[in-house]
Amino acid sequence: MIEIPSDLHKDLVPLAFLLGDWAGAGVHDFPGSEKCNFGQEVSFTHDGRDFLEYHSRTWVLDNDGNKVRPLETEHGFWRIDADRKVEITMTRDDGVIEIWYGEMAPKKPQIDLVTDAVARTPAARPYTGGKRLYGYVKSDLMWVGEKQTPEVGLRPYMSAHLKKVVTPEDVERWAKALPDDLPDDGIAFFK
1 MIEIPSDLHK
11 DLVPLAFLLG
21 DWAGAGVHDF
31 PGSEKCNFGQ
41 EVSFTHDGRD
51 FLEYHSRTWV
61 LDNDGNKVRP
71 LETEHGFWRI
81 DADRKVEITM
91 TRDDGVIEIW
101 YGEMAPKKPQ
111 IDLVTDAVAR
121 TPAARPYTGG
131 KRLYGYVKSD
141 LMWVGEKQTP
151 EVGLRPYMSA
161 HLKKVVTPED
171 VERWAKALPD
181 DLPDDGIAFF
191 K
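Going by the numbering used here, the sequence shown opens with residue 1, and the numbers climb by one from there.
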């Protein structure tokens, strides 16, 4: 279920499907890096202005699904215009700053992005750009990222399947919104 907060800036309504906290797992695989499964937590928030604030943390998972060590952290700001063009400024913990441009697909919650500018600190690993695809599929957030370096052409390197995190506040709000005439036995609910 996509909820549109009453204080969400009107320009951000097409991005409302991103709002909230998400958690899940994915796969990381790029030449020169460790191939691994990873866990991820993503948060999209807003404060009434014309952008969403984005924060993502990933960590390497062992074969039992336990956290081993941090993998990547990103922080950024997402905007969208009236023509459904999306722009993102993003900073990564590895010393990379990116500007992403893309667009939202017509009539569906899917965003295609490509880097427009990349700046790197001297400590950052080689990186020249990337592409990403985000989609809201059956109430889940899925994404795939591609990247390129001077040595490796553009290729997929990370993808994840994330579920919306339900908080006690969400449950309380949903419970208050239930109709008063729900069936007592629960069976009638499915008839």
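Because the hints were derived from the structure by calculation, they are not lab data. Hints may be right or wrong, so weigh each one.
To be verified - Each computed BS3-like pair below joins lysine-lysine, with the alpha-carbon atoms no more than 30 Å apart:
id : residue 1 : residue 2
1  : Lys176    : Lys163
2  : Lys176    : Lys35
3  : Lys176    : Lys164
4  : Lys10     : Lys131
5  : Lys67     : Lys176
6  : Lys176    : Lys85
7  : Lys107    : Lys35
8  : Lys67     : Lys85
9  : Lys10     : Lys85
10 : Lys164    : Lys138
11 : Lys108    : Lys138
Quick rundown of the hints versus the structure:
no., hint, verdict
1, Lys176 / Lys163, "23 Å, holds"
2, Lys176 / Lys35, "45 Å, violated"
3, Lys176 / Lys164, "20 Å, holds"
4, Lys10 / Lys131, "27 Å, holds"
5, Lys67 / Lys176, "36 Å, violated"
6, Lys176 / Lys85, "37 Å, violated"
7, Lys107 / Lys35, "35 Å, violated"
8, Lys67 / Lys85, "36 Å, violated"
9, Lys10 / Lys85, "15 Å, holds"
10, Lys164 / Lys138, "11 Å, holds"
11, Lys108 / Lys138, "12 Å, holds"
Of the numbered hints stated above, those contradicted by the structure are hints 2, 5, 6, 7, 8, listed in ascending order.
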